[in-house]
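Participant: Top to bottom, those sequences are chains A and B.
Numbering-wise (our numbering), the first sequence opens with residue 1 and increments by one.
Numbering-wise (our numbering), the second sequence opens with residue 1 and increments by one.
Don't read these hints as lab results, they were simulated from the structure.
Each residue gets a CB set at the ideal place from its N, CA and C atoms; glycine is no exception.
Check the hints yourself; a few may be wrong.
[To be verified] Non-contacting residues of chain B with respect to chain A, defined by C-beta distances greater than 12 Å in every case (computed):
#1 F12
#2 K18
#3 K22
#4 V93
#5 L118
[Stated by the list, open to error] Computed footprint of chain A on chain B; a stretch qualifies when at least three of its residues, placed anywhere within it, have a C-beta under 8 Å from a C-beta of chain A:
#6 23-29
#7 164-171
#8 180-190
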Amino acid sequence: MPFLLPIGNNKFNKALTVLIKTPKSYLLKENEVTPENVYLNRRGLLKGLGFLGAGALLSSTSTTASADWFSKDEPTKFKTTALKFQTDQNTDNLILTPEAKITSHNNFYEFGTSKTDPVNNAQGFKIDPWKLTISGECDKPYTLDLDDLTKAFALEERIYRMRCVEAWSMVIPWVGFELAKLLKKAQPNSRANFVAFETLHDPQQMPGQASRRVGGGINYPYVEGLRIDEAMNPLTLMSVGLYGKTLPAQNGAPIRLVVPWKYGFKSIKSIVGIKFVEQQPAATWNILAPNEYGFYANVNPEVDHPRWSQASERRITSGGLFARNRIDTLPFNGYGEQVADMYKNLNLRKNF
Amino acid sequence: MTKNTVLIRAPFKKLLAKHQVKLFKLFIHLAALFPLINAYYLAFTDQLGADPVEAILHFTGIGAFNLLLLSLAITPISKRFKISILLKIRRLVGLYSFTYAFCHLANFLVFEVQFDWLLFINEIIKRPYITVGMAGFIILLSLAVTSISVLKKRMGKRWQKLHNWVYLAVVLVGIHFYWSVKSEIIEPSIYLFIALVLLSVRFKKLTRFKK
Ligand code: HEM
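Only chain A is shown next, with the shape it has when bound in the complex (with noise of 0.2 Å):
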């Protein structure tokens, strides 16, 4: 049992009571028991303790939320709703990433930079209404409502890898459709060469997009692209839901990308729009650190990060300290089949 101090610090009580009810919680497996705010209550934790540092302490928004999940009252938890579609047979018996992980471990900088800060800082996040309009270079622009989402296209699951750009991955059941069909829908014209994303923008809702500090220094709306070929891939996915639900709000509710050849940044979420364009449109990582992250950020266990190697990675799943997790990383993520002919063309040394 762990060490039991008296400090009437109340998230530190409440942690440690979670502690007390899930005695050996190591004996099983990770996505029996682990619910996901016991991650939440572990860095309150770690919070009262003053060790995540001053940033950490300074970001009110994120000490207000949390503070929220340890009150007594029923916290305000975002709704998610089951969904019909079809199942992912999981030919490559892939091992899941647990839910509780999928959906507490985000980069969504427009809740907060920490990668906890969207599980607890996104809880309120309103999406009804929500408009998704498809409009630029087509003949039949048209919108969809957040009804639409989950309505207009037949739902199906796929099971995809999902590397990130920081030498993580995670394996996660999403449920949605080819963007190829709402594309199809709009007919584009022959000058859209290229399609771009953008985010929301509302910074009442979205503390990062209120202030630079809890935001990392980003302009928003996050805006991300697409060559059109890439966007019209088979593989390529609109997210409407994951393990079976609608998409929590922290992993992008209620519509979001998914390029799984791509580092993770690339698969914007929140979208509100999308627009067929001539040109290459910009892409935020890339306009804040050219030499980081580039347009096409293909998964390239050949081209690092100037600060960090991109030949392997840690593939998140159960287990902790020891869990030995550490993989090669594979060209375009492992989907070289079905994406390398694209880029037969491009030196993706340079086009990294």
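Let chain A serve as the given structure and place chain B with the ligand on it in line with the hints.
Facilitator: Only chain B with the ligand this time, still in chain A's reference frame:
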């Protein structure tokens, strides 16, 4: 106060005064070790967030830096407020900073790169932020090793010269932190600022040291 209570309290006070330093040190041991052991316990049992490796790496890195800054703040604080007892625990705080830094490095080798020695060495050589962190660590290591009293006596003047390197270490660690982040530079900037304030307090000493 009645005479009786004074009589009862006096020996107690004496006892407290006698063991003041010991008690203070005990407190520091607990305050430094409890969070560390607790964090490892949670990380080993997969209860420290979705990615315990990243969490423990950051926890020990920040912990080492906090303790390093604290150890540097002790001298000016004890001088300003005339609390001499603080000076007696300075070495302990410094040693715990090293302990956390050692765990931080061990976490990187054992849990992050998982004994891929080629990757480990490559990262130290190729990544400026890790090169700088390593330089900082080597300074802390040499300070920790020479911190025992016997060596301090034997080294004489050279001891102080060596231990002045701590000022370089704190700057290196600040740069290491600043370069390690993707875009959220505010927190490392605050840390660098605190480090520079602590250095400026000693500006006179540092310029003398140069001559
Ligand atoms: C011995 C060589 C060292 C290595 C290999 C090393 C490695 C690392 C790595 C890999 C990170 C994480 C970067 C990231 O993923 O965000 C990091 C962060 C950090 N390190 Fe080190 N480090 C070293 C020395 C030190 C020392 C001596 C200190 C302090 C005394 C230190 C303090 C920090 C701090 C404060 C952070 C930032 C933590 C955060 O972002 O929360 N490091 N280091």
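Participant: What are the numbers of the hints that this structure violates, sorted from low to high?
Facilitator: Per hint list: 5, 6 and 7 violated.
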